[in-house]
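Residue numbering for the sequence shown follows numbering that gives the first Met the number 0, beginning at 0 and increasing consecutively.
The set of hints was computed from the structure by calculation and includes no laboratory data.
Just so you know, even glycine gets a beta-carbon here, dropped at the ideal spot from N, CA and C.
Among these hints, one or two may not hold up.
Said to hold, decoys possible - Label-pair distances were calculated between CB atoms; the ranges are:
1) Thr41 - Ile94: 37 to 43 Å
2) Asp77 - Ser53: 54 to 60 Å
3) Ser53 - Pro91: 25 to 31 Å
4) Gly54 - Pro19: 16 to 22 Å
5) Pro23 - Gly60: 50 to 56 Å
6) Val17 - Leu57: 32 to 38 Å
7) Ile94 - Asn44: 46 to 52 Å
8) Ala25 - Asn52: 22 to 28 Å
9) Thr85 - Gly28: 44 to 50 Å
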Amino acid sequence: MLRYYFLYPYFTSPITVVWPDVAPPACFGDETVLLIEDADVTGGNGNYSYTINSGELLDLGEPVMLPSGIYIVSVFDDRGCSADSTYIIMEPNQIELSIGLKIRSLTWETVSIFQGRSNRVTILSP
Numbered sequence: 000m001l002r003y004y005f006l007y008p009y010f011t012s013p014i015t016v017v018w019p020d021v022a023p024p025a026c027f028g029d030e031t032v033l034l035i036e037d038a039d040v041t042g043g044n045g046n047y048s049y050t051i052n053s054g055e056l057l058d059l060g061e062p063v064m065l066p067s068g069i070y071i072v073s074v075f076d077d078r079g080c081s082a083d084s085t086y087i088i089m090e091p092n093q094i095e096l097s098i099g100l101k102i103r104s105l106t107w108e109t110v111s112i113f114q115g116r117s118n119r120v121t122i123l124s125p
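Hey, can you work out the whole structure from these sequences and the hints?
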């Protein structure tokens, strides 16, 4: 008996990622949560993981606290195929406060106190 084996190349569709909107940090200087699980990842062969700015390899669903900035998020499948996206987290404006001060003039006077002693007393006058 003669057997033939044909090996067909294994093709996968490219990985595509649709990112959800992420709420910016609540206050100036705060961080926000980026949860890659919320992204719509398709293609490749599944079992996705990701990195942020080529850092530590993380599993989908691991939340990451990030300050405002520009990030390169790379999503990988089991075969090492990847898709890169630029993700921008905007920072809210810093609150500015200015206070106007009104200065009153101060006067100093010497008054006589009982038993003939002279002491200095502060009298505030508007």
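These are the hints, each one checked on the structure:
| no. | hint | verdict |
| --- | --- | --- |
| 1 | Thr41 - Ile94: 37 to 43 Å | 41 Å, holds |
| 2 | Asp77 - Ser53: 54 to 60 Å | 19 Å, violated |
| 3 | Ser53 - Pro91: 25 to 31 Å | 28 Å, holds |
| 4 | Gly54 - Pro19: 16 to 22 Å | 21 Å, holds |
| 5 | Pro23 - Gly60: 50 to 56 Å | 22 Å, violated |
| 6 | Val17 - Leu57: 32 to 38 Å | 19 Å, violated |
| 7 | Ile94 - Asn44: 46 to 52 Å | 48 Å, holds |
| 8 | Ala25 - Asn52: 22 to 28 Å | 23 Å, holds |
| 9 | Thr85 - Gly28: 44 to 50 Å | 23 Å, violated |
Hints 2, 5, 6, 9 from the earlier list are contradicted by this structure; the remaining hints agree with it.
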